[in-house]
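Colleague: For this one, chain X is given, so just place chain A on it according to the hints.
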Amino acid sequence: MPDKTPLNALHREAQARMVDFGGWDMPVQYPAGTIEEHLRTRNHAGLFDVSHMGEIDVRGADAISFVNTLTSNDVTKLIDGQAQYSALTTPTGTVVDDLLVYRFAADHLLLVVNAGTTEKDWEWITSHHDGESVELNNVSAEYCQIALQGPEALSILQQLTETPLATIKYYHFTQGKLNGVASIISRTGYTGEDGFEIYASPNKAEQLWNKLLETGKMGQADGVLPCGLAARNTLRLEAGMSLYGHEIDESTTLLEANLGWICKLDKGDFIGREPLAQQKEAGVKKRLVGFEVTERGIARDDQEVVIGDHRVGKVTSGSPAPFLKKNIGFAYVPAEHAAVGGEIKIDVRGRLIAAQIVKTPFYKRSR
Amino acid sequence: MANVPEDLHYSKDHEWVRVEGDLAVIGITDYAQDSLGDVVYVELPKTGEEFAPSESFGSVESVKAVSEVFTPISGAVASINESLADEPEKVNSDPYGSGWMIKLRMSKPSEVDSLLTAAEYEDFTKAEKE
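Line by line, the protein sequences are chains X and A.
Sequential numbering from 1 applies to the first sequence in the numbering used here.
Sequential numbering from 1 applies to the second sequence in the numbering used here.
None of these hints come from the bench; they were simulated from the model.
Ideal placement from N, C-alpha and C gives every residue a C-beta, glycine not left out.
One or more of the hints may lead you astray.
Stated by the list, open to error - Partial pick of chain X residues on the chain A-facing surface, computed with a CB cut under 8 Å:
1) G33
2) I35
3) T234
4) I298
5) R300
6) S319
7) G341
8) G350
9) A354
Stated by the list, open to error - Subject to a maximum C-alpha distance of 20 Å in a straight line, what follows is the list of computed EDC-like cross-link-like pairs (lysine to aspartate or glutamate):
10) A:K129 x X:D20
11) A:K46 x X:E295
12) X:K217 x X:D194
13) X:K326 x A:D86
14) A:K90 x X:D194
What the hints assert, rightly or not - If you want a taste of the chain A side facing chain X, the calculated C-beta under 8 Å gives, among others:
15) V19
16) G37
17) V63
18) K64
Isolated chain X, as found in the complex:
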């Protein structure tokens, strides 16, 4: 039996279509449909149940130095109330998982990891615990996580709290009460829009979810819509964000995945630093690129990239982009073919369709 989030009953009541995702019974779409959910998030607001994500609590005098040896970004740069996108790296510089590191205090961090990799990450992190003064706890079951995303997220959420939200900067968070419920309110997201990710006790999940839908005027044409995993995927793809198991995994390095910006090679030693430094020096052999299909057809995950007569790489994520109204994707190609403007072909079930390498993110919101 797959795991259920505390909002499972509400999803079923709302007649969402449910799928097994990384061992979780999750809504892939609600009756409004993926395109409408996607557009509503871009134009107004969308609400996402992301309670399946894992949370690992790290406390103790060595919390920062311990996490800094396991992750590629620089944890010492965080201040209290700030979050950071980072990666757990393997000894070869590939990716165990990508994650958010939240700093509550110098001796207290919270790691938010992917659902399907929570167990693996927990094993990985605890196996590297060797005498440091840290206490590790897998607290995934102690939190529900709800994401409210879109240009109207701020005005909706502010109605539920006296905590001023407009002053929370991107990738910062605060603790406050939402509709009376103690919550971590984080200005982060996975859609390319302004918005918040909210962490609270699972037994308050339904109350928060319903209140957010009501406050967001669900049912009106410009009201908030609950969104499933399919819209979450198309939104993050348009926004040029990686998905673990697709753009990043244990076979690709951070540099190949264009995540050099979270690779702080001069911060001191961390797992995988040396091979990453060497690869940076020598240059990568393959690179992740964004592409736009330039003729009729839709590229899909795992289809092959063809240049000339050669099968040179694979699509990691391919999909229609509902807001851009284009067919887009990410693919790995040899570094010498990775320049923006380059022409590639994608093998779509035996038919070669033309695509062009473009800059990412594909979509950037106007501020």
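Modeller: Relative to the frame of chain X, chain A by itself:
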């Protein structure tokens, strides 16, 4: 509840057939379009192409998935619904009407008799759901 019109014939691959003289109009069922979600792309064969029963004649793509479509019966393509190139969403909004896909000139009209009736198809989708 998915709509299953009485006067059509159905396949276990979720296509419907409407017989119009020696032509068979073919599309996908309401149940199929609902399972797929928002249709964004329909690939159809060329006029004149010939198909045997259960052969793939094209594909329907939603945001999330690609699904092949199969000819329930044999015949040659007499016409295709060209409007689906610009308005693939008709497959969702009107699967038995303006969302039709191809018309086949039937080579063995008796094949229609082996297809499911509306009642049989309804039972089949119920069983598939469980």
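Colleague: Holds or violated: the hint that G350 of chain X contacts chain A, with Cβ atoms closer than 8 Å.
Modeller: violated (11 Å)
Colleague: Does G341 of chain X pass the interface hint, meaning its C-beta sits closer than 8 Å to a C-beta of chain A?
Modeller: Because about 25 Å separates G341 of chain X from the closest Cβ in chain A, which is outside the 8 Å limit, the hint is violated.
Colleague: G37 of chain A was flagged as interface toward chain X. Is the shortest Cβ-Cβ separation under 8 Å?
Modeller: holds (6 Å)
Colleague: Let's test the interface hint: is any C-beta of chain A closer than 8 Å to that of G33 of chain X?
Modeller: holds (5 Å)
Colleague: Hinted pair, alpha-carbon criterion (20 Å max): K46 of chain A, E295 of chain X. Please report holds or violated.
Modeller: Measuring from Cα to Cα gives roughly 18 Å; hence the hint holds.
Colleague: Hint check: is the beta carbon of V19 of chain A less than 8 Å from a beta carbon of chain X?
Modeller: Not OK, violated: V19 of chain A not within 8 Å of chain X, min 31 Å.
Colleague: Checking hints one by one. Is I298 of chain X an interface residue toward chain A, by the C-beta closer than 8 Å rule?
Modeller: OK, holds: I298 of chain X within 8 Å of chain A, min 5 Å.
Colleague: Would you settle whether the hint for V63 of chain A is holds or violated, based on the nearest Cβ-Cβ distance to chain X being less than 8 Å?
Modeller: Holds: closest Cβ of chain X sits about 4 Å from V63 of chain A, inside 8 Å.
Colleague: For the pair supplied as a hint, K326 of chain X and D86 of chain A, is the alpha-carbon distance within the 20 Å limit?
Modeller: OK: K326 of chain X and D86 of chain A at ~13 Å, within 20 Å.
Colleague: Under the criterion of a CB-CB separation shorter than 8 Å, is I35 of chain X in contact with chain A as hinted?
Modeller: With Cβ-Cβ at 5 Å, under 8 Å, it holds.
Colleague: Would you check whether A354 of chain X satisfies its interface hint, that is, whether its CB is within less than 8 Å of any CB in chain A?
Modeller: With Cβ-Cβ at 16 Å, over 8 Å, it is violated.
Colleague: The hint names R300 of chain X as touching chain A; please verify it with the least Cβ-Cβ distance against 8 Å.
Modeller: holds (6 Å)
Violated hints, listed in ascending order, are 7, 8, 9, 14, 15; each of the other numbered hints is respected by the structure.
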